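Enquirer: Spelled out, the chains give:
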Amino acid sequence: MTVDTETTDRTRTPHSAERPDEGRSGVDNAGKSYAAPIRAFDTLDVPEPGTAVAVKEIVAEDDYLSGHYPHLTIYPGVFTIETVQQAARAALAAGGIDAMLTDVTSVRFTGTLVPGDTMTTTLTIGTPDDDGSLVVKARCHRQDGRNCARITLRLRTREAQLR
Amino acid sequence: MTVETPDTTVHTTQAPLEHADLKRILAHRHPILQLDRVVEFEPGRRIVAIKAVTGTEPCYGGLSDDAVHADHAYPASLLMESMGQASAALWLHSAILAGEQPRGTLVFGSAREFTIEGAAYPGDVLRHIVELDSTKGDNAFMHGETWAGDRRIVTADSMLVALRDDMTLT
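Those protein sequence lines, which keep their order, are chains A and B. Residue numbers for the first sequence follow this note's numbering, so the first one is 1 and each next one is one higher. Residue numbers for the second sequence follow this note's numbering, so the first one is 1 and each next one is one higher.
Extracted from the complex, chain B is given alone in its bound form:
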C-alpha cells in the first residue's frame, strides 16, 4: 500500500489575517464572530474578508422540515453583521498598524441603502469587499459589497461603526 504524503503547501500559506488574528482585532466571539479570514488588506483603504456559510450555524437550527430553498437564505441581519465586522476589522487593524491602540466597545452606528440583490445559502462563501471612506475620532464610515461566488448579493452605500466607552453606553 502506498501512502502519499499530502502536499501541505497551500495549507501553510497564511492569509493576511487568519481567524486567530481576527480575534485579536475584534471583541466578537463564537458564534457571532461572522468572519473566517481576511484575504486582502490595504491599510486605511480596503479589505477583502470571507465567511463560509454552513447549515450547522445556529440560524439554521430548528428550521421546519417544510422550509423550502428560499427559506434557507442566509439572514440579512447576519449578512449585515458580517460586513460590519469586515468594516470594523479594516478600521481597527489599520489603526493598530499605525501604532494606535483603539479602546472601547464596538457598536453599529448607522447604515444607508444596504441592498440585498441576491441570497446566500449553506455552502456559499461570502466575500466582503469594504472600503474606508473616512474616520472622525471614534467613528468610521465605510461602503462595500458582498459576493457569493460570482454573484454580487449585497451593496451597502454607507455604514458607520463606532467605538464607545463601556461607561458611556446609553
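Just chain A, same shape as in the assembly:
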C-alpha cells in the first residue's frame, strides 16, 4: 500500500489532502491536521503492517531551514525525528490508530543532510500494549547509502491518553 499526499485524505498527517499537486515540502502545508514545523516526508510506503518506508527530499525552501543556518543549510536533526514521527503516525492512521509521540527513547545522528539530498527512512512500528504505548524504530539513510540516524521513539494512542 502506498500512502502519499493523494491517499492520506482522512489520515492524521500534516500533509495536504486537498492540493496534492502543490505538495512540495513547506511550500504548501495547508490542511495540516496537527501542528508540525514542516511536511517531513514526501512519500510513504507501507509494504506490510508494522513496516513503512518514508522518503524526504531536503529542500532549502522548507519552513525553518532559512535560519538553520544562514551560512550553510543543514536539515536539523530534530526534523529527522519529525520525519519518523510523522511517517509513523501516518502509517498507524492508515490502520485506524491515532497515536502521539511521548518519548524519544534514543537518537543518534551519524550523517549530515543538505538541500539536494534524499533521505530514506525505514520504520518498524510495534503494536499498542495494554497501556496504548508502542515502539517505533527507524533507520535513516542518504541517497549515497550513508546512515544519517538511528531513532527509537515511543508513541501512545490518543484514546489511551484520554482515558
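These are computed hints drawn from the structure, not numbers from a lab. Computed from a predicted structure; not experimentally measured. Hints are supplied without guarantee of correctness; some may be wrong.
[As the list claims (entries may be wrong)] Pair by pair, the computed Cβ-Cβ distance ranges are:
1. ASN147(A) <-> GLU113(B): 20 to 28 Å
2. GLU48(A) <-> ARG103(B): 41 to 49 Å
3. HIS30(B) <-> GLU48(A): 26 to 34 Å
4. PRO47(A) <-> ARG103(B): 31 to 39 Å
5. PRO47(A) <-> ALA67(B): 23 to 31 Å
6. GLY95(A) <-> ALA52(B): 34 to 42 Å
Using N, Cα and C, we set each Cβ at its ideal position, and we do this for glycine too.
Go by the hints and put chain B onto chain A.
Expert: Structure of chain B alone, referenced to chain A:
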C-alpha cells in the same frame, strides 16, 4: 486628560542574556532560533532559558480548522530543538566567558530518554532548565527539563551537542 508616564523600570532590567546576545552565541536565526531569553546563567553548570510559544509560529500555519486542542500541542521536534539550543548556549557562552573561541557548526549528536510528560500550547512560556554534565573536546553532554508554567512537560536524561568543522561535515 492625564497621561501617566509609564513605569519602564521592569523593561530596562536586562536578563543575563537577551535575544540579541543569543544571536552572538548561536548561529541559529529566525525562525528556528528557538530561545527568547536566558534568565539564569551559572557558567559551566546551569542555564534557565525561556521561549514563548505563539500561534503565529510557522508550525501552526496551515493547520486545519478541524484541528482540536490536542492537535495544537507544540511539536516535540521544536521542544527538543529549543532545549538543545539552551544546552548549546550554556556550553558555548561558558566557553566564551572562559576566554575560548568556539568554532564550527553546531550539530545534535545524540539524545537519550527525551520524555514528553505534557504539552505546551500557544500562550505558554517554556522554561528550560539545563545542566552541563561534561565536555570532551568539541562535544558537550547535558541533561534537562522543560516547564510550561508550573507543569513539567519534558525530562531529558542525556543530550550530546557538538561543534563540527564545515569541511568535515559528512
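Enquirer: All hints, please: hold or fail.
Expert: A quick look at each hint next to the structure:
{"no.": "1", "hint": "ASN147(A) <-> GLU113(B): 20 to 28 Å", "in the structure": "holds (22 Å)"}
{"no.": "2", "hint": "GLU48(A) <-> ARG103(B): 41 to 49 Å", "in the structure": "holds (48 Å)"}
{"no.": "3", "hint": "HIS30(B) <-> GLU48(A): 26 to 34 Å", "in the structure": "violated (43 Å)"}
{"no.": "4", "hint": "PRO47(A) <-> ARG103(B): 31 to 39 Å", "in the structure": "violated (45 Å)"}
{"no.": "5", "hint": "PRO47(A) <-> ALA67(B): 23 to 31 Å", "in the structure": "holds (30 Å)"}
{"no.": "6", "hint": "GLY95(A) <-> ALA52(B): 34 to 42 Å", "in the structure": "holds (37 Å)"}
When each numbered hint is compared with the structure, violations occur for hints 3 and 4.
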